[in-house]
Amino acid sequence: MEHEHRGSIVTKVSSFLFFVILTIASFWWFFVSSYGTLQSVFYGDDVVHFSKGAMYSLGAGIILLLLTLLGVYQNTKKVDLSKTQTKWAARGFILATVSMFVFPIAAHVSVDRLTAINGYLECKEMNYQWLLYEKIVYVNSQSVCEKLAKNREITKSSSGR
Amino acid sequence: MGLGKAGAIHAAKSGGILSIVLLSTHRVADYFLTDSATLSQLIGSLAADIVKVGLATGASIVAATALVGFGVTLAIGPIIAVVAVGILASMALGEIDNHYGITDRVILGLDELSQDAQSQIQKTKQNILDKAGYAAAQIIDYAIDSAKVVLIDAAKHQLHKFLSGKPRVF
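As given, the protein sequences belong to chains A and B, one line each in that order.
So in our numbering, spot 155 of the first sequence is number 155, and the numbers just go up one at a time.
So in our numbering, spot 148 of the second sequence is number 148, and the numbers just go up one at a time.
Looking at chain A on its own, in the form it has when it is part of the complex (with noise of 0.2 Å):
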């Protein structure tokens, strides 16, 4: 167990309110883009957008959720946590952060198939990358997709995008 400075009331309440919106943005940034994902495929739109890095924030959500409470509780009780609520919250958090990263390969496979299973399929010049964040374009159709990444070269010469 560590024990470093404790802060003061603002710190506290500020770093509380830290945790507060990360974590009110984390769930709402995944439940946000889950639901335009799965709205997009069963109304059969003729692009579907999966943000993978979407699917990372519930992990990081749930870690900072878990930091939320356990600051709350630990400052409610005021009290520092005996060795086996520390195994246990160890445990826990080790076990959110490996399902905040297998996670999204989860449901990459799973929206990859239910797009196969509707007839969609990837349009890989529409997808964007970067480090692990990954935006992927299913469409309905190849003119769909040519037609996208057609939009995308004027828009990008004429807003110098």
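Keep in mind the hints are simulated off the structure, nothing from the lab.
Some hints here could point you the wrong way.
Lysine-lysine pairs mimicking DSS-like chemistry, simulated, CA-CA at most 30 Å apart [said to hold, decoys possible]:
#1 K150(A) x K52(A)
#2 K12(A) x K13(B)
#3 K87(A) x K13(B)
#4 K135(A) x K124(A)
#5 K13(B) x K52(A)
#6 K13(B) x K135(A)
Since we're looking at a predicted model, the values are computed, not measured.
Assemble chain B onto chain A, guided by the hints.
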């Protein structure tokens, strides 16, 4: 092992530096291996990468500090916060970059800057050439005029000598 606040901050910094080194290596290798890649693309994407990694690292450090300030005494807490917030920040920055096309705009701006510099150099070069040409033309004109005057004077002199009425003395 990066436990505690100091360890987590150190791990975040090292992670940020390692990310920048690996990303730069990847970008440079990509630049040399891709036929159509331009220098503006390399510089623009590298600049955007460094800013994104820097922001994500900063957010991670803030998270580790905030967690300790919050009063959480779990030893692995700060490193977990660094990982979660670092991943979340990099994902969010990736999304923002993709949505607003920031990297593309930076590359386009660099391209325009380079084109402007090129056209300015061309303009200056043309200006110097024009001025040099004008100066050469002036010199040639002066030389022709001088030669004309000399020739006319010589012809006049000879003509005068030839037509003068003085009898020849042998």
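Exercise for the section: Starting from the hint list further up, note which numbers the structure goes against and sort them upward. Expected result: none
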